[in-house]
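Visitor: Residue-level listing of the chains:
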Amino acid sequence: MEVVVQVVFGLIALFILVAAAMVVSVRNVIHSALWLIACFFGVGALYLLLQAEFLAVVQVLVYVGAVSVLILFAIMLTRQISGEGVRQLTSRWPVVLVVTVLLFATVMAPTLINQQWNVPPAPPLGTPEPIAGPAELGRGFVNEFLIQFQVVGVLLTVALIGAIVIAFEERARRRRVLTLAEELELKRLRERATQTETPEPVEAEPVARETRPASEG
Amino acid sequence: MTASPFEIEIPRGRVIEVQRDDTRVRRGTGLLRGMAVIWKHWKESFKLNRSYSQIHGTFTIEYPEERPRIPEAYRNMPILLYDDETGHELCTSCFQCERICPPQVIHMTQAKDPATGKPVPAVAEFIIEYDACMSCGFCAEVCPFDAIKMDHEFELSTDDHLRLTVHKEQLLRPISYYAHIAPTMWAEVREGALKKLQGNIRRRPDVIGLAPQLTEKIAARRAELAAQAAQAAQAAAATPAPPAAPAAAAPAPAEGRKLTPEEKAAKLAAIRAANAAKKQQSGDGS
Amino acid sequence: MYDMLAALINGTLGWGWPEWALNLLSYILVVTIVLVVAPLQMLFFTYYERRVIARMQDRVGPNRVGPEGIWQPIADGVKMFTKEDIVPQAADRIVHFLAPCVVVAPTVLMFAVVPWGPGMVPVDLPTGLLFFFAISSISAVGLMMAGWASNNKFSLLGAMRAVAQMVSYEIPAVLSLIAIVIVVGSLSINDIIAYQTGLIVSNRDLPGIPDLGLGWFVFTPVGFVAFIAFFIAALAEGERTPFDIPEADSEIVAGYMTEYSGMKFGLFYLAQYVLNFLLCAITAIIFFGGWQGPGVGWLYAQGITPENPNGNGLFNVLAGVLGVFYFLLKTYLFFFVMVWLRGALPRLRIDQLMDFGWKFLIPLTLANLFSAALWVAFTRWGPAEGMLITVGWSPVLRWLAAFVVTLAINLGVYLWLTRVYAASQAERRRAELEELIAAGS
Chain P
1 MEVVVQVVFG LIALFILVAA AMVVSVRNVI HSALWLIACF FGVGALYLLL
51 QAEFLAVVQV LVYVGAVSVL ILFAIMLTRQ ISGEGVRQLT SRWPVVLVVT
101 VLLFATVMAP TLINQQWNVP PAPPLGTPEP IAGPAELGRG FVNEFLIQFQ
151 VVGVLLTVAL IGAIVIAFEE RARRRRVLTL AEELELKRLR ERATQTETPE
201 PVEAEPVARE TRPASEG
Chain Y
1001 MTASPFEIEI PRGRVIEVQR DDTRVRRGTG LLRGMAVIWK HWKESFKLNR
1051 SYSQIHGTFT IEYPEERPRI PEAYRNMPIL LYDDETGHEL CTSCFQCERI
1101 CPPQVIHMTQ AKDPATGKPV PAVAEFIIEY DACMSCGFCA EVCPFDAIKM
1151 DHEFELSTDD HLRLTVHKEQ LLRPISYYAH IAPTMWAEVR EGALKKLQGN
1201 IRRRPDVIGL APQLTEKIAA RRAELAAQAA QAAQAAAATP APPAAPAAAA
1251 PAPAEGRKLT PEEKAAKLAA IRAANAAKKQ QSGDGS
Chain L
2001 MYDMLAALIN GTLGWGWPEW ALNLLSYILV VTIVLVVAPL QMLFFTYYER
2051 RVIARMQDRV GPNRVGPEGI WQPIADGVKM FTKEDIVPQA ADRIVHFLAP
2101 CVVVAPTVLM FAVVPWGPGM VPVDLPTGLL FFFAISSISA VGLMMAGWAS
2151 NNKFSLLGAM RAVAQMVSYE IPAVLSLIAI VIVVGSLSIN DIIAYQTGLI
2201 VSNRDLPGIP DLGLGWFVFT PVGFVAFIAF FIAALAEGER TPFDIPEADS
2251 EIVAGYMTEY SGMKFGLFYL AQYVLNFLLC AITAIIFFGG WQGPGVGWLY
2301 AQGITPENPN GNGLFNVLAG VLGVFYFLLK TYLFFFVMVW LRGALPRLRI
2351 DQLMDFGWKF LIPLTLANLF SAALWVAFTR WGPAEGMLIT VGWSPVLRWL
2401 AAFVVTLAIN LGVYLWLTRV YAASQAERRR AELEELIAAG S
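Protein chains in written order, with this note's numbering: chain P, 1 to 217; chain Y, 1001 to 1286; chain L, 2001 to 2441.
Hints are computed from structural coordinates only; laboratory data are not their basis.
This structure is a prediction, so every number in the text was calculated from the model and none was measured.
Mixed in with the good hints there might be a few duds.
[What the hints assert, rightly or not] Taking CB as the label site, the calculated pair distances span:
1) L:I2171 / P:L137: 16 to 26 angstroms
2) L:V2404 / Y:K1043: 33 to 43 angstroms
3) L:E2435 / P:L137: 47 to 57 angstroms
4) L:T2305 / P:T100: 57 to 67 angstroms
5) P:A13 / L:E2385: 42 to 52 angstroms
6) P:R27 / L:F2081: 30 to 40 angstroms
7) L:G2262 / P:R27: 27 to 37 angstroms
8) L:G2262 / P:R190: 46 to 56 angstroms
9) L:E2435 / P:A159: 27 to 37 angstroms
10) L:A2426 / P:E191: 19 to 29 angstroms
11) L:G2262 / P:L112: 52 to 62 angstroms
Idealized CB from N, CA, C, for every residue including glycine.
Here chain P stands alone, though its shape is the one from the complex (with noise of 0.2 angstroms):
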């Protein structure tokens, strides 16, 4: 089972690998945030793969649900109707892809080479898996990690007020057209500020009384 293991994440891998770099490099900026969402599809797919069901489906929710709709709306309200992009790659892209692959080598080498990978011995036939499911996540976020939990809650809520701030608007500059009762409610009230300003008790009775069994007539 092992190798099918490999070969099944080195499919997935390539497939999030070449996602990614069509994001990048198509054309149409639509068309790279729909790589994007396959790329997302991609590491949730990763996660299956480790056995974590609730990230992988967490994931599914979270980025394909929510991120990805909501780089969608910011694409789609920010730019024209146009389909053309800019190209992305110069001419001198293979020089380019040269010193990054070094810059990346430079970086990567030393860590690669040097690192002690802890990987356990694979435990004795019969001993069940620990189940890392939910449960073990929520006990973990009260008990352990609560600091880190409070604190993501505190950005989270700041970021929607912070939202809310900014997209408010002023009830004034918002025009649009009124409904039928709207408008009625309206001229009642104005005729009431009018009427505030002149009181005319004597003659506004009986202007009252003979308006309603006009309109019941």
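Based on the hints, put chains Y and L in the right spot on chain P.
Guide: Positioned in the frame of chain P, the structure of chains Y and L alone reads:
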């Protein structure tokens, strides 16, 4: 037509002003009341609703198994009328309907007396183009003889376009048919129409003006005319004296009414015979 | 399915297939059944909706195409297959083509975790409920793709409204389900159904109750409020009236579906009805016991189960039939309520819709979460978790205390929230009108 009546009662002249107070907090009970209304509608919809005054019940008329009752004044495509007893068409080819028809789909030619060539108050050929007729009913409104009326037949779909140019034979319907579909409207005009028809019958010679599908009536009338002609010939041969000719004209105008064409022809023949006899006498005498 | 197949092939027929073959065959059979049943349900639902809404509108509904119009959905399908597929010239062809697929695929994937009867779930995921909602959130991306790729401002606007509505109402939906998950202690749908045995009160809370399969969550205060909130949120997720702004013909033509014709429109239509079926099914499962009902538990216990491999296969079939019958009865009943709401209510404006979701449903479901935690505390916790008050209480007393406390909290929060929400809406209207007066005069 369905046997069950389908009436509409519309109360007119009542305006209800609804004051909506939005300040009451209903906490969802308003939604439940709305749902209760619709539940009642759903429950009651398994019965039939045959009167527009009720609001519950299904009022779908499942065409073509059920038909709606068509009101009398419904108009769709004109038809011509002929009298049941005498068999005569009411149309006199006065051209009023042809003049007033907005899309000009009515065409007719007037019948002529075969003997004299004079126009006769009957119609020889009558054509309506049903495909362009807009069923406005102007022709029925304007006809002075109540000869053309609006039919109720609306299932006229066909894939044969030429069939929609309809001729007189297909347009004719007996008065009993029209009285059946629009009794009140026919009762209003019946007396006048029949009176005018009697007048017109008298002015129509031979079998002109009889509905062509009534072959027996046509044959009977022809036989009658032949018998009359034979009688007249016999009378003319039996009594050589012209003053005896008035005997053939005895059924003639004692009351001062108009003469039928045959009577006119007989009278003309009698006058000619009298003139000829007078000439002979004067010729003999002198 | 694997157990039944093993018993059938290796036991009764004695062919002795290897395990992998049995696994493969069982999965193929299950997938085939699910892929056949899903569109059939959708077809039946379109017919069912049209007949029921017609009766509510005092008319008859389609009854010509077959006996009482049964083949009407087939006629609709033929119509959609044969219509010309028109793609706007300036549209993004690939995205336009993929959008219906991205909308439909998640809805069919969601069938994988829905149990139809005892032991009849295609894949028994430990995180089944979360999988259900995670996959349903993928169709929001498909909607945006559809709106964008049509190269049409109104489609884009409709798509954004639809996605805003869908994403906003996922929150109260998931929050109300989390209250149930707190009570059950597991995200697996089978566990949630298995919890709802008993009679009015679940077996797990009071162990002495006879098992009639009627210990549904809707009979608890926590479950009842969660049911109301979830059902409203499900109406909004499935874009049913009163939340059908994105697809209302009189509002924005067909919204994000405007530029789609023929089979692509058919796929959107299919996705909508399948999603509504699944939401009704999940309502039935989580709050009304799913396939639980009088007799199913007892029948299943006598059949072949993982605990009882020597049972009688006939009982499996009987339990399955009865379980599916109960499940479908409840699901169709909820769809009747959805159609009933469609017949009764006018639709909400987009701003009213968003207000209702964010300012009313979310606070309500958050308060319900709190109540759910109190329920678990009263019924299960002891001094070890800090509940010193329930030391020495009998299960009945604990259940009664939990019921009363959660009922008080939920009722109080609901009454208070409705008053606050109504006041805030009225205040907003009045403030707008006064500002308009001030601006005008």
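Visitor: Could you say whether the range 57 to 67 angstroms given as a hint is met by the Cβ separation of T2305 of chain L and T100 of chain P?
Guide: holds, 58 angstroms
Visitor: Hint says 19 to 29 angstroms; check whether the CB-CB distance for A2426 of chain L and E191 of chain P agrees.
Guide: Holds - the Cβ-Cβ distance for A2426 of chain L and E191 of chain P, about 20 angstroms, lies within 19 to 29 angstroms.
Visitor: Please check whether I2171 of chain L and L137 of chain P have a Cβ separation lying inside 16 to 26 angstroms.
Guide: Distance hint for I2171 of chain L, L137 of chain P holds at roughly 20 angstroms.
Visitor: Range first: 27 to 37 angstroms. Now tell me if the beta carbons of G2262 of chain L and R27 of chain P are that far apart.
Guide: Holds: the Cβ-Cβ distance is about 29 angstroms, inside 27 to 37 angstroms.
Visitor: Could you say whether the range 33 to 43 angstroms given as a hint is met by the Cβ separation of V2404 of chain L and K1043 of chain Y?
Guide: holds, 37 angstroms
Visitor: Between A13 of chain P and E2385 of chain L, does the C-beta distance stay in 42 to 52 angstroms?
Guide: holds, 44 angstroms
Visitor: G2262 of chain L and L112 of chain P, beta-carbon distance inside 52 to 62 angstroms?
Guide: Holds, since G2262 of chain L and L112 of chain P (Cβ atoms, about 55 angstroms apart) stay within the stated range.
Visitor: For the range 47 to 57 angstroms, tell me whether the beta carbons of E2435 of chain L and L137 of chain P fit it or not.
Guide: About 48 angstroms separates the Cβ atoms of E2435 of chain L and L137 of chain P, which means 47 to 57 angstroms holds.
Visitor: Taking the beta carbons of G2262 of chain L and R190 of chain P, is their distance inside 46 to 56 angstroms?
Guide: With a Cβ separation near 53 angstroms, G2262 of chain L and R190 of chain P satisfy 46 to 56 angstroms, so the hint holds.
Visitor: Does the Cβ pair E2435 of chain L, A159 of chain P satisfy 27 to 37 angstroms?
Guide: holds, 30 angstroms
Visitor: Just tell me: holds or violated, for the beta carbon distance of R27 of chain P and F2081 of chain L against 30 to 40 angstroms?
Guide: For R27 of chain P and F2081 of chain L the Cβ distance comes to about 35 angstroms; the hint holds.
Violated hints for the displayed structure: none, as all numbered hints are satisfied.
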